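*Asks:* So the chains spell out like this:
Number of protein chains: 2
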Amino acid sequence: MPLDPVLTRIDCDLPEAVNRLIALLRIPSISTDPAHAADCDSAADWLVADLASLGFAAEKRPTPGHPMVVAHVDGPGPHLLFYGHYDVQPVDPLDLWHRDPFDPALEDTDKGQVIRARGASDDKGQLMTFIEACRAWKAEHGTLPCKITVFLEGEEESGSPSLVPFLEDNAEELKADIALICDTGLFDARTPGIVTMLRGLLGEELTIRAADMDLHSGMYGGPSINPIRVLARIVAALHDDAGRVTVPGFYDGVPELPDEVARQWQGLGFDAGAFLGAVGLSTPAGEADRTALEMIWSRPTCEVNGITGGYTGAGFKTVLPAEARAKISFRLVGDQDPLAIRENFRKMVQDMLPPDCTASFEGHGASPASRMDISHPAFEKARAALSEEWPKPAAYVGCGGSIPVAGYFKTALGMDSMLIGFAKDDDAIHSPNEKYDLDSFHKGIRSWARILAALSA
Amino acid sequence: MPLDPVLTRIDCDLPEAVNRLIALLRIPSISTDPAHAADCDSAADWLVADLASLGFAAEKRPTPGHPMVVAHVDGPGPHLLFYGHYDVQPVDPLDLWHRDPFDPALEDTDKGQVIRARGASDDKGQLMTFIEACRAWKAEHGTLPCKITVFLEGEEESGSPSLVPFLEDNAEELKADIALICDTGLFDARTPGIVTMLRGLLGEELTIRAADMDLHSGMYGGPSINPIRVLARIVAALHDDAGRVTVPGFYDGVPELPDEVARQWQGLGFDAGAFLGAVGLSTPAGEADRTALEMIWSRPTCEVNGITGGYTGAGFKTVLPAEARAKISFRLVGDQDPLAIRENFRKMVQDMLPPDCTASFEGHGASPASRMDISHPAFEKARAALSEEWPKPAAYVGCGGSIPVAGYFKTALGMDSMLIGFAKDDDAIHSPNEKYDLDSFHKGIRSWARILAALSA
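First to last, the protein sequences are chains A and B. When you line the first sequence up against the UniProt record's numbering, it's residues 1 to 457, in that order. When you line the second sequence up against the UniProt record's numbering, it's residues 1 to 457, in that order.
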């Protein structure tokens, strides 16, 4: 089955593909917010219907949280499992969006056309690159070049609580020759990447409580402990002056980068100044003795993703609050043990508490880092296919984000994963004004069409 | 004009007085929130109408912010200026209230009946004690025993921006022989107090900005500076390990307590354990070498009244925010200079900023501490009158809160102030479930009736 007519059809069908993506983006499937549960359900329904229209045996499958979409179609080649997620991040601060995040539009920018909406890049636009590639194959040849299972999750942005049980309960059905995951980015606008290292993620919500009610800072200020100050001391103590994380045992299991990988990364010509400059920064923070690329791909971090306490509205209120809270996350690498780090972090916090204060903790996910086995033959086939489509050859790269599903596919299904995606650094995923370049979408679809051909050969 | 029938009338009229207070409490006059501007106006209208019904020449007087209420009535004795404020604090966190904060009710508690609502104690309940005392005098004798000006502000909880200009523009009209201010508390349930020292207040809202957009902590975590962490380091650095504030020059102008005052305060038998225990605390925080009463009445403090940054909603969001904010206030004593402290604080923050971060500041009030001149003969007359009403003799006390109007009456009108109030430590002012004891209200009204008699003699 020749590839060229498939690519031509993709080019011709692009406006309709954009319209389909826009329809999906209109559904505000914010998984972390219980108020949007019905929207998550609607997004799953939309995808089931779309996959069924391509000849997939597609189903919405219940979980204790948001449903999974599972769809199978037969074909001559190997069995591929494609993974994406249909849920999206929250949209606050809403006032920083230039348009309604769920009223998608194609916009002209000085870097070309973009599709603007929450989820445009992460991950609805990305998952639709694969589905559109299947659509073109099916339309042109009446069949797909491989046996394909599409597996779409609705809880990726809220810690994937149902994922591992679902994989374990449906292992026979989901196990394939290799998994394809589309939730990562290009290395740069001209260079696609296949991710071979993913950081893990440990989330902790910490609440410090002191008095049993909010107090007036005039009546009580002085002798009464202020939980915001206690929390600030704890947060400030999480890093030393050299930018290293101070949680005891934190660096246990953090490997040094092999010389060969370090050399390859140097060859990528990563421009830290341009990377930071694009978001208004200039000076690498973090560990003083590491390059910016190491900090993102191969070094662990600790970040505060949110903090709140006391009066935060307009004006001023002289309150001593009863509690203060922080959301703290750790990006993990190598063999760092998330559960050991959780325990050590909690003990460190407990040890820092002054009298009359208590700490409570709520865990949000605990996934170790993962590394791919690139000796699987699919890797070189996919790399060659990507290199045909893009101006520069595809590279094996790291990824700062955490896509624990790759690890779960390995542990629960014994299956390797290839992480290939077309997002750009300036897509503003998880931020206001998220977008996906039309070029990412178009060449992403073409890339998958080529990869399907390469893997079926 | 005999006092006893006035007191009897107050006792008989108490249920109607409570109903009038409840009507005033229904008006959500939150001055710091622009959405409640019309409510502030309604509260002023309500008070004008009520004072007019007592024979006062009462007017709502415009300011650039919320209006003032000014009401005059003639009488035989000295000219008294009574001050209170009709605006109230915000009500968040609303979910901690056991009832709608603006649906007031008389509740039975194990400590007696209380009036529960935002503003019940601070300051609507307190200001109505004086108006009800006037009502009883007027009803019983057809006239009041003194010439009285009632002056009610609507911006006390939002920094009183219009107060000084209004005092200056209306100095001739407002100047009286002495000011009576009802916005303070009892020393304890059996002991009334006349406040002779008030702490000043300096408010600063600090915003730390880094990247020009929110970032994904997977893509950017490591090399990108996190403004929450920067803010936490600044907040943590504001106190040393002994609880002293580290802003340079902060303790300039902080006097040691005169031995005589220290002895008098010791005689009050302040129970720090009970004071803290009432709000779920046990160990005095703050300066390690000071008593809890000193910390509240005669020592300066620095507190964080609010902090916010990043994602603070339900669930987790792996964001590196573009900015983080804190509301920080300083309680001032003696001759501490608010403007010098503001300058030194801002410079200290600027000096702590890492590369790529900026700090911006918004000032919220800057009032020095004030001390009353108790040689004015009204002080001993009022103290004797209060001692008649309450189980234990009235005491001259300090006050941790900041009531800058007393200082402004001195500087703008050349007038001394007596601060007399009937709030209790457990009134939860500025907190959820604010209340005013029915006993405070009842004996407060009786106290003012007695003070009016004493001052007219």
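Keep in mind that the hints were calculated from the coordinates and are not lab data. Be aware that one or more of the hints could be misleading.
[Unchecked claim] Now the stretches of chain B that chain A is said to cover, found in silico as 3 or more residues with beta-carbon under 8 Å: (1) 111-119; (2) 163-170; (3) 221-233; (4) 326-339; (5) 442-453.
Since the model is a prediction, treat every value here as computed from it, not as a measurement. A virtual CB, placed ideally from N, CA and C, is assigned to each residue, including glycine.
*Asks:* Look at each hint and say if it fits the structure.
*Replies:* Here is how each hint holds up against the structure:
no.: 1; hint: 111-119; verdict: violated (count 0)
no.: 2; hint: 163-170; verdict: violated (count 0)
no.: 3; hint: 221-233; verdict: holds (count 11)
no.: 4; hint: 326-339; verdict: holds (count 4)
no.: 5; hint: 442-453; verdict: violated (count 0)
Taken one by one, the earlier hints fail for this structure at numbers 1, 2, 5, listed in ascending order.
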